[in-house]
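The whole structure should be built from the sequences, with the hints applied where relevant.
If you read the protein sequences in the order shown, they are chains Z and Y. Numbering-wise (our numbering), the first sequence opens with residue 1 and increments by one. Numbering-wise (our numbering), the second sequence opens with residue 1 and increments by one.
If you're looking for bench data, these hints aren't it; they were derived computationally from the structure. Glycine residues also receive a C-beta, built at the ideal position from the N, C-alpha and C atoms. Warning: the hint list may mix true and false statements.
To be verified - Here are some of the chain Z residues that sit facing chain Y, going by a computed Cβ distance under 8 angstroms:
#: 1; residue: Pro51
#: 2; residue: Ser61
#: 3; residue: Tyr62
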Amino acid sequence: MTSLPTHVEKQLGLVIDLDTCVGCQACVTACKGWNDHSHGLSDADPYGADPSGAFLNRVHSYSVQPAEGAAQTINFPRSCLHCADAPCVTVCPTGASFKRSEDGIVLVNEAACIGCGLCAWACPYGARELDPTEKVMKKCTLCVDRITDTSLPEEDQIPACVRTCPTGARHFGDLSDPESKVSCLVEARGGYDLMPGMGTKPSNKYLPPRKKDRLETSPLAPLLDIQATGFAGWLDKMLGKLS
Amino acid sequence: MHPAPSVILFTTFSGMGLGLLAFLGAGFPTPQGLTAFLHWGLAYGLTVGGLLASTFHLGHPERAWRAFSQWRSSWLSREGVAAVATLLILAPMALSDIFGLGLPRVIGWLGALGAFATVGTTSMIYAQLKTVPRWNNWTVPALFLSYALTGGALLAGQSTPALAGALALAFAVIFHFQKGDLALHMAGETTGTATGLDRIGAVKVFEQPHTQPNYLMREMIFHVARKHVPVLRLIALGGSSILPWMALFLVPLSPLTFAVIAVIHLTGAIAQRWLFFAEAEHVVGLYYGER
Ligand code: SF4
Ligand code: SF4
Ligand code: SF4
Chain Z
1 MTSLPTHVEK
11 QLGLVIDLDT
21 CVGCQACVTA
31 CKGWNDHSHG
41 LSDADPYGAD
51 PSGAFLNRVH
61 SYSVQPAEGA
71 AQTINFPRSC
81 LHCADAPCVT
91 VCPTGASFKR
101 SEDGIVLVNE
111 AACIGCGLCA
121 WACPYGAREL
131 DPTEKVMKKC
141 TLCVDRITDT
151 SLPEEDQIPA
161 CVRTCPTGAR
171 HFGDLSDPES
181 KVSCLVEARG
191 GYDLMPGMGT
201 KPSNKYLPPR
211 KKDRLETSPL
221 APLLDIQATG
231 FAGWLDKMLG
241 KLS
Chain Y
1 MHPAPSVILF
11 TTFSGMGLGL
21 LAFLGAGFPT
31 PQGLTAFLHW
41 GLAYGLTVGG
51 LLASTFHLGH
61 PERAWRAFSQ
71 WRSSWLSREG
81 VAAVATLLIL
91 APMALSDIFG
101 LGLPRVIGWL
111 GALGAFATVG
121 TTSMIYAQLK
131 TVPRWNNWTV
141 PALFLSYALT
151 GGALLAGQST
161 PALAGALALA
171 FAVIFHFQKG
181 DLALHMAGET
191 TGTATGLDRI
201 GAVKVFEQPH
211 TQPNYLMREM
221 IFHVARKHVP
231 VLRLIALGGS
241 SILPWMALFL
251 VPLSPLTFAV
261 IAVIHLTGAI
271 AQRWLFFAEA
281 EHVVGLYYGE
291 R
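What follows is the structure, given as structure tokens:
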């Protein structure tokens with residue numbers, strides 16, 4: 001059913017720390033690898049002249065110029081936010097797109113998807129891509145096939161992107177529980193929603209980069225004022241005359 | 001948005017076909033025998049042809065029947081249901097006209113309502129999308145409904161509703177351009193709000209996340225050469241509304257002249273529909289620093 005659930009028992013999701021993300025693209029690769037193995041996430045013309053493929057996670061890179069001080073490079077991972085008011089679900093004509101009431105995860109039933117693409121149009125965040133060979137819609141599953149698979153070692157029962165991130169910039173947990181680790185992180189760091197104006201009520205949150213320390217002057221500046229004496233002083237004077 | 005030919009043809013043809021179905025259903029005109037066969041045949045042909053064209057862009061057309069199931073929440077599903085219901089309701093009316101069965105006209109009236117309701121649902125598929133600010137307003141239903149009215153009236157040879165339709169269309173087309181040009185700005189979304197990094201400073205793309213365009217970029221980001229826009233807009237407005245409107249006054253009306261006016265109107269409609277897609281900016285473009 002593509003009507004949204006009236007109530008979710010919990011809301012699993014990701015919290016992404018833009019302060020620590022170094023833009024290494026490891027999560028992109030881990031996500032692609034895991035999902036390609038589990039239920040397929042194909043590429044078109046992968047070794048040819050015009051390669052193109054479906055990914056569930058992309059890492060952008062922005063240059064941000066504050067009002068004062070130097071510009072900052074900020075890496076920005078972008079995947080499905082498992083929205084509470086997910087427009088991608090309600091527009092779906094077939095019932096292929098749905099949001100689970102047990103954990104709030106937004107999924108696609110690929111066997112029912114006609115590949116009309118309307119859900120991708122309805123998502124403001126570009127979280128859905130059509131699989132070029134299967135011709136059905138793909139999106140982040142929050143790695144349902146890892147987080148619920150108790151046969152995996154416990155440390156692997158988290159999303160592939162979270163497991164792989166070398167800087168720990170991706171956090172996974174229950175955002176509906178105010179006591180959870182992720183909720184505390186959002187609270188402490190001022191986690192925010194992307195494009196709240198779109199009315200999607202995203203579940204995933206982004207932690208803003210921390211305020212940068214700023215060098216008022218160069219730490220080497222005092223050295224510039226040292227007065228040379230003796231031979232060095234004489235040399236300094238001579239060279240000064242020459243130039 | 002990428003102006004896919006199948007969707008452009010679908011929306012223009014089926015809109016015109018549904019308009020004609022509405023007029024025939026309502027009994028304006030009430031042809032008989034062969035003329036009835038040709039009229040109803042044209043109306044069904046355009047509508048069904050348009051609907052079939054719309055399945056060309058599906059990844060899995062063989063599963064299209066599933067799209068009738070989610071009418072409670074989805075405008076696309078409602079469109080499918082309304083279209084099929086309309087075609088079914090009007091079938092006895094068409095047979096009655098062709099074979100002189102004398103069935104009550106009220107069936108046709110019901111079908112006419114269904115035809116306009118179908119056009120309304122098509123327009124809502126676009127108008128509901130907050131992600132495409134240019135579409136997310138009343139001008140879209142106004143456009144689609146006045147296209148169906150004008151196109152249907154022209155094919156049905158009904159000059160008064162055609163004049164009214166063409167007039168309504170002129171306003172709808174102009175308002176859609178005018179409102180649309182401001183829409184993205186009014187929605188207030190920028191690369192800064194898309195990333196939330198506007199809280200730090202002015203945001204600019206430093207490096208793209210991938211080297212080749214992906215599905216999203218191919219679907220949602222389309223650049224129309226700025227210099228072509230005024231010309232295309234003129235063809236859209238003139239062809240679909242102003243020229244037909246003037247011709248209805250100036251030219252002696254006959255089935256032939258109606259047909260010629262309808263073709264001019266259709267040309268304008270296709271130009272308008274191309275711009276409708278090509279000029280529509282999806283907010284996902286903001287992540288790529290494009291619109
Ligand atoms: S991010 Fe997009 S695809 Fe994911 S739930 Fe929200 S609207 Fe749907
Ligand atoms: S592409 Fe598939 S999941 Fe998306 S709206 Fe169409 S049928 Fe539903
Ligand atoms: S949770 Fe899984 S599917 Fe979603 S972005 Fe991470 S690795 Fe990809």
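Going down the list of hints, with the structure as the test:
For Pro51/Z, the shortest C-beta to C-beta distance to chain Y is roughly 6 angstroms, which falls under 8 angstroms, so the interface hint holds. Evaluation of the Ser61/Z hint against chain Y yields a held restraint, the C-beta minimum of about 4 angstroms falling below 8 angstroms. Among the interface hints, the one on Tyr62/Z holds; its C-beta lies about 5 angstroms from the nearest C-beta in chain Y, closer than the 8 angstroms criterion.
In summary, this structure violates none of the numbered hints.
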